Structure formats: structure tokens, C-alpha cells
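Number of protein chains: 2
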Amino acid sequence: MPGDDAYPVSDKTRVKRKPGRGAYDKDTVHSILDEAFLCHVGYVGKDGHPFVIPTAYARVGEKIYLHGHASNYLLKTMKTGAPVCVTITILDGLVLARSTFHHSMNYRSVVILGTAEAVTDAAEKNTALEAIVEHIVPGRSAEARGATGPELTATSVVSLILSEVSAKCRSGPPIDDKADMLLPVWAGVLPFGSLTGIGQPQPDPLLAPGIEVAPSVANYKRP
Amino acid sequence: MPGDDAYPVSDKTRVKRKPGRGAYDKDTVHSILDEAFLCHVGYVGKDGHPFVIPTAYARVGEKIYLHGHASNYLLKTMKTGAPVCVTITILDGLVLARSTFHHSMNYRSVVILGTAEAVTDAAEKNTALEAIVEHIVPGRSAEARGATGPELTATSVVSLILSEVSAKCRSGPPIDDKADMLLPVWAGVLPFGSLTGIGQPQPDPLLAPGIEVAPSVANYKRP
Chain U
1 MPGDDAYPVS DKTRVKRKPG RGAYDKDTVH SILDEAFLCH VGYVGKDGHP
51 FVIPTAYARV GEKIYLHGHA SNYLLKTMKT GAPVCVTITI LDGLVLARST
101 FHHSMNYRSV VILGTAEAVT DAAEKNTALE AIVEHIVPGR SAEARGATGP
151 ELTATSVVSL ILSEVSAKCR SGPPIDDKAD MLLPVWAGVL PFGSLTGIGQ
201 PQPDPLLAPG IEVAPSVANY KRP
Chain V
1 MPGDDAYPVS DKTRVKRKPG RGAYDKDTVH SILDEAFLCH VGYVGKDGHP
51 FVIPTAYARV GEKIYLHGHA SNYLLKTMKT GAPVCVTITI LDGLVLARST
101 FHHSMNYRSV VILGTAEAVT DAAEKNTALE AIVEHIVPGR SAEARGATGP
151 ELTATSVVSL ILSEVSAKCR SGPPIDDKAD MLLPVWAGVL PFGSLTGIGQ
201 PQPDPLLAPG IEVAPSVANY KRP
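As given, the protein sequences belong to chains U and V, one line each in that order. For the first sequence, counting from 1, position 198 maps to 198 in full-length UniProt numbering; every step adds exactly one. For the second sequence, counting from 1, position 50 maps to 50 in full-length UniProt numbering; every step adds exactly one.
A hint or two may mislead.
As the list makes no split between identical chains, a pair holds if one copy fits it or if it spans any two.
In the DSS-like style, the derived pairs of lysine-lysine whose C-alpha atoms are separated by at most 25 Å in a straight line are [to be verified]:
id, residue 1, residue 2
1, K46, K16
2, K12, K79
3, K12, K46
4, K63, K26
5, K26, K178
Since the hints were made in silico from the structure, they are not lab data. Treat the numbers as computed from the prediction; the structure is a model and nothing was measured.
From just these sequences and the hints, can you work out the full model?
Now the structure itself:
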């Protein structure tokens, strides 16, 4: 039975396929949510067709926040309290086995189910927006101009409580059939940091002369 | 009006928010599909709740193929002809503006709507499975042991025709308000190759001595 440090397992969140890869403890879920910043949000459209839209998020305690322009259809849908699924996936590597059948990927993913809620309280909205900026580029809030009143009005924020949540992870080398172990085939893992391919900062062509690269950019790294 | 080289625009696929970022031509859609290999599949569960699951895919002509273990719930759902949304997202960079409000991301994404179909023809199933392996690790099919009959039986493959499809892309530097252009704030793009953070191959700890890194691994790169 999960304790305080784990999410309760529901029929919807229980990992069915490869249940050994499922995890429900808060540490695992939080660490994945804090490393990534892109999620894919699923909702059911008016005609019953599912839609999946990528967007940014940040975690604050036991909530995640998503934002967007007030005219954004996804945000408008979430504000109505429609059921959503927010999925976060970090690809860690390609798993190359001796047989094509046992090829796999190393990954860490989180699936959050629930209904979002509009954030209308001004203080919480500010906290959420700063959390999103700081989650994606730590230190950036102090560098860039903050939001004005009209900009805040033009921005919608919603929250989703972490309650129906599960993680699913695979790590380690390939698992081949015993009979294949002597095949002369290279097997192993090709690490594939889905969030580590960071290149050199490209200044805005319109950047005024004499502005050095910001510390948030020069020192950028993911956890 | 779109020609042969573009997908017809439907009310469901038309990019509403920032329509200037929408693209419907096959070249753009194919190039995104061919660069990435992870997608997020949305479907509506039995109780009407949306679910979003990450999985691999490959494009062959005007179809994408997805595969999984025959007992995989997502695959079983797709084989029933349930409506799905398959979304592919490539993150190209973080766009750092002079104001937090105009921060953005450079990305290329594709949204595919439709209903999948089970691939039961043996020849097409083989083609699809080889396409998935070769799409993710070019050259690997010739290196690893191919699938046996029971392995093929244990693997489900579905196809989804590219017909209701749209792409959405952002590129280039930040777009700041005129009044902010003289702020002493570094602005520009931090390139963030979501698929380029490739590390050194890690051999299977159980790898037999004398097996060199496979060419598909040593020469690995994404388009």
C-alpha cells in the first residue's frame, strides 16, 4: 500500500504492460517532471475525437501549471474542466539487442490524469508564470522584463493536481534470449539524451552591440 | 487550394492559433516525420477519458506504422478502429526574448488524425517492422537476428494513413515589442537539439569479448 510518499494506484493509472516498469512514488514522478519541460496534453474534442498538443509546464509542489495565450483552444478547453491526460517522456537511450525483437528504448515517462482548473488568483498566477520561466531557463526571470497587466490578462494559466499519476521507466542493457547470447552481434545502449543536445547560443540578429550572453544562457544545463 | 503535394485542410487540422505557423505541404510533414521517431498517441478510453502514450513509429510513403506487443492496450485499442491523434514534436531551441511574455520555443510538430488499421498481411507486416528498425537505427536490420514466426505473432502492427495532417513550426529569433528593443537584456535562441544529444555507446556488460561496435551505432546520426 502506498504511503505518503507515493500516489494511490487507480485502475486508470496502474501500469498494465510490463508492470515491473511502473512507479508511483513521488520522488520518481517529481524527478521526471523536474527534468523535462515539454509535455503532450490529450483532450477529447467536441466530436469525440482525441487531440494531442505539445506545450510547456512546470511543477510547484503537488501541482503542475500550464499556460498559453487566452485565445488558445487547448487552454480554453482545459478551463472548462474537461478531462485531460498530460504525458511527459524523456528518452534516455536506444537499446540494441542481438535480435530485432528485443530492441527497445530506455526512457522515463509520467502520465497525469485529471481535470485542470483555471488559475485566476493574481498571486498564484504570478507564481505559476515565474515557475514556468524558471523551470525552463533558471535565472531568466531576473534578466528579462516582467509581465505587464495587459500581458497577464492575455495569458491563461491552468493547474492540474498530481493525484492520478504514474511513471514508467526502462533502464539498463538489452535483455536477449539465452539462445542468442553467442551471436556475434554488438549489443548495448546508445545513450540518447533527449534534452542534452544543447548548442551554442545564437544571438538575436537585432541584438544591440555590447550585450554579453546572459548567465542563464551561458550556464544552461538540465538537471 | 492545396495541390498533390499538400494535405487537404479540414476544420480539425487547420491551425487556428498563430495560423502563419501552420503548414500542410507533404515535404514539411514528411521531413518532420522522418527526423523524429517518437510520437505521442492520444485515444479516448472506455470511460471517455483521454490517454496519451509515447511510442515509436516509421513512415512509409503516405502511411505511418506503429508496433507493440500483441497484449499492449494501445495497440489493441488502435486495432478496433478507434479514433486516434498521433503527435510528433521536435524541439529546436529556446527563444529568449527581452520580455518574459515573448519567450517562446522553436519547434516543428505534426498532428495526424484518423483511425488506425491492423496490418495483417505478412509481407506488409515485415515491411513495417523493418521500416521501424531502419528508421530508428539505419543499418540495424542487417546486423541483428531477424524475427521468428512466434516473435512476429507476438507483435502487433497498425498503420495510419496520412490524410488529416498538419504541421506547425516556429523558427528564428525572438519577436520583441518595439519599446523593449533598447533594454540591456540578452536575447536570442538557445539551440536545443532534442534528438542530437547522442553519447558514447555503452556495450552490454554481457557482451562477448572481441565484438566491435556495430557500424549502425558507430556512425549513428539523425537527419
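Verification of the supplied hints:
no. : hint          : result
1   : K46 with K16  : between (29 Å within a copy, 15 Å between copies)
2   : K12 with K79  : both (22 Å within a copy, 20 Å between copies)
3   : K12 with K46  : both (23 Å within a copy, 10 Å between copies)
4   : K63 with K26  : within (12 Å within a copy, 39 Å between copies)
5   : K26 with K178 : neither (36 Å within a copy, 44 Å between copies)
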